[in-house]
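Trainee: Sequences are here, hints too, so could you generate the full structure?
Number of protein chains: 2
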Amino acid sequence: MAPPTAIDIEGVTDTQAIVLPDPLTINGVSARRTKAGKLVAGTAAFTSSDQFKSETSGKPNAKRWDHYLTVESKSRQPSSLKTAAQYLRNPGIISLGGGLPCAENFPIEELTVKVPSPPHFSEQETKVSGVTLTAGKYDVAEGRSAYDLSIALNYGLGTGSAQMIRFVTEHTEIVCNPPYADWHCALTVGSTSALDQTFRIFCERGDYVLSEEFTFASAVETALPLGIRFAGVKMDDQGLIAESMDEMLSNWNVQERGARKPRVLYTVPSGQNPTGATQSTERRKAIYKVAQKHDIYILEDEPYYFLQMQPYTGPNAAPAPPPENNEAFLKALIPTYLSMDIEGRVMRMDSFSKVIAPGTRVGWITASAQIVERFVRHNECSNQNPSGISQLVLYKMLDESWGHSGYLQWLIALRLEYTRRRDAILAACEEFLPKEIVSWNPPAAGMFLWLKINHHLHPSYATTPILDLEEKIFLAAVEKGVLISRGSWFTAERNDFVPQEMFFRATFAAATEEKMAEAIERFGRAVRESFGLVGGENGKVGNGNGHGA
Amino acid sequence: MAPPTAIDIEGVTDTQAIVLPDPLTINGVSARRTKAGKLVAGTAAFTSSDQFKSETSGKPNAKRWDHYLTVESKSRQPSSLKTAAQYLRNPGIISLGGGLPCAENFPIEELTVKVPSPPHFSEQETKVSGVTLTAGKYDVAEGRSAYDLSIALNYGLGTGSAQMIRFVTEHTEIVCNPPYADWHCALTVGSTSALDQTFRIFCERGDYVLSEEFTFASAVETALPLGIRFAGVKMDDQGLIAESMDEMLSNWNVQERGARKPRVLYTVPSGQNPTGATQSTERRKAIYKVAQKHDIYILEDEPYYFLQMQPYTGPNAAPAPPPENNEAFLKALIPTYLSMDIEGRVMRMDSFSKVIAPGTRVGWITASAQIVERFVRHNECSNQNPSGISQLVLYKMLDESWGHSGYLQWLIALRLEYTRRRDAILAACEEFLPKEIVSWNPPAAGMFLWLKINHHLHPSYATTPILDLEEKIFLAAVEKGVLISRGSWFTAERNDFVPQEMFFRATFAAATEEKMAEAIERFGRAVRESFGLVGGENGKVGNGNGHGA
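Protein chains in written order, with the numbering used here: chain A, 755 to 1303; chain B, 755 to 1303.
Take these hints with a grain of salt, some might be off.
Listed next, the stretches of chain A that the computed footprint assigns to chain B, with coverage defined by at least 3 CB atoms under 8 angstroms from CB atoms of chain B [stated by the list, open to error]: (1) 817-827; (2) 836-845; (3) 976-984; (4) 1164-1171; (5) 1234-1243.
No lab work stands behind these hints, which were simulated from the structure alone.
Backbone N, C-alpha and C fix where the C-beta goes; we use that ideal spot for every residue, glycine too.
Mentor: Following this line, the structure appears as structure tokens:
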């Protein structure tokens, strides 16, 4: 290893200058695993990221958040039975304690998955060169693996399995290298669940949470029944505007809002849902500073982080060359909030839903030990931990077969796949949408294209409320055979809130390139007809360029 | 099918006499499936138990529970985006709406499990005669199955997959045949999570929930952070005493308790955790009547329902003959609350944790349409639904391979396995425990033996508080090399509550028969020494019979 480099961390004065070791590399993981020896973690084994992280001496510990914890979260206690598990370390002890079924009564003797062999990831290639990974019931006892069905099929602890905690901890260190010492990971059953639990850690009924003015509808719908409202911060093409956030917080009027000043920011920094906006590094730094100023805890929800795409080169230009290797790929990624979080004021939410498959129902959070411990206590009294079968499948593929290197190669392949999909929908938009009415920014990440409608040009503009007009266009599109999401479904502020601008959200993740083009063509026709750009209802419309309003 | 029989349902007057069809049988399932035709349910397909139930005409609808719903639950709305899914039924429509990834980007091409072939369930037999079940990515499109990886790996709806809803709905009808019309099932990620969600449907902060005086510690620990306390109802060897419940409710003192009268009973009717008690049919009927009298909603938590064992015949007697066939097995089971629930005042919680494997993280609830709908709304904003990989594995095994008949055969095998285990621990207790100090009832279900300690005989009885004495004996057992759970960990009422009697809970699910015997022998030594029945700390103690205090 190269000698440690001195780095300058914002907000830390010179006298406390911190010397950090080099960030973890993929080779570093192998070296560390070799040094650590075989992972020994049986049924319901205790685990913590501390077992798998690099030396953190020299890094400061996270800030404490006691003053922000809810009544619910503060009152969570470790279970008596789980506390008693400490005695299981006594040599030779026999447990009649926990009601864990015996593995011989699990009727699944073997599980096999066929997965791609990096870097040949396509379905066609997998048919030829895919690898078959098998997990038996007693692979651990028989020395064939560090994880098996006897462990995965039994109960686990609220952190998730040691086997998967090792993988996500290493991955998080490679990608984010958090600049404070006591960061931990815990598995989740997906980020929607993680968000529900995190609201219950930080927000009391009546509280406001900050977010982008257009935001993930499920996040708002998760919050509302808990009595938590979203306060939407103005956005531009880079997403949330730091200055607007500062202004909102500086001028927060408790009387007017009927609520104390917000303590939490919920943000989707990359490929934001629904706008597709991606915050630049500078933007993230600025938002982090505002968060420090107002003591805001940041929920960094990043399902689309690895759907950052190649730079958009335009309709007829040559594509940008793909990343040369894993290192170049990692460097091309915009830094995460977690990577600049010197105080432990960020919970990063990762998910395998968009990068492997939603049906795994596995994701993970990374935050300070204090917050992760509260989260895990809640896990113990709710979903416990993700499906062991899912964990085992992910482990066999990501850890035992692909390794970190293969997983990054998969993510590069996905980057190129989403680049192709985005470029296809943008080409269709260029071809089929009337530009005087519909405009858009090419997204740099994610799966969404945010189409702005210049509704001022609509013949009924003066007489029809904007939401009615939006519905009219939505139904016109359905009539033409395309389902596209209404922008108003994504407003952060609900109730009587009326947006001033009109948007539609289109995803380029789901349909084939052909179907996408067809759908955009249909949408173009629906818009044209609704805006009175053409006559007959079924009239075929060509390229919109040159058509006047 | 035989003609419908007239049955008498308690609480329904003669003038409303209800004519019900025969209960669903396994052959009835096959006939109905044939009649219904192929199950067509693709990615995130809408589903409901109504698609898979017998004709319910003639049965009354469930009571409404609007007056019991919490602020949180009442305010849950269906998501705008999910509502828009109705348009997906339009022929030829292309969706750019939902952000569902495309199946070709899921890197799992094939999943295979090796499982037993009924009735040869042992690990040894499975090695010889086990069957290999394979799921491909596009089995549905290619006509090979009703469920495949392309569906299971994508997002699903809050009910769980149609494929598994069909199985659990049919299974529930075979076993419980609920006597009201609008009962529904929804999958859960396990009963602990289901309980957390159900508390949030029915209980506000400050409320009490009724339960057995000793109860599942996790249930109490799930409730406490929500500000919900347990009120423990007296028990006997059949579990919760109906008259005590009536008395507690009739005399509920709002001032004294600082809380309104409870609206919810949480009960584990079969093989109760920790006491092992099983409520008889008569007891269940009596409790249901008390619930009707006080308008109590019943949470029937039944993880151990199918761990009902053969009658205990004593240490040296011949075992009772196993059930002759599936029908005899079903008849031998104690009726569920759901089967007597004429008003829809029961939520039954089933789980695959104890009967297949905890690591599946799959269970299901059965309740009236109104309550299941509230539950599913919560699912949508939290864990969504169980792992698709788990659902697919269960489907391939339970539905496609075993069928309902094979599954019941598996449950019979499990019944005999737990009978053997229980008989082994009871034999060890007979041999190694001092009966003047330790007494027990042979459990009829579950995985727990509840050992009562006659602590009045302890030399320090007069001078040592009961909980200190309990700890002393616990630590003495640890010292001897056995971990056994302290009874006080399971008290329903926490805080300053001091139990009057002393118990320890031993499980017979986990250790081998040999280890169990060894553990009970060690516990016997620990008790004897603690009670001063023998001298030297390491003195080997024989059969406890005949030793005086």
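Trainee: Mind listing which of the numbered hints don't hold for this structure, in increasing order?
Mentor: none
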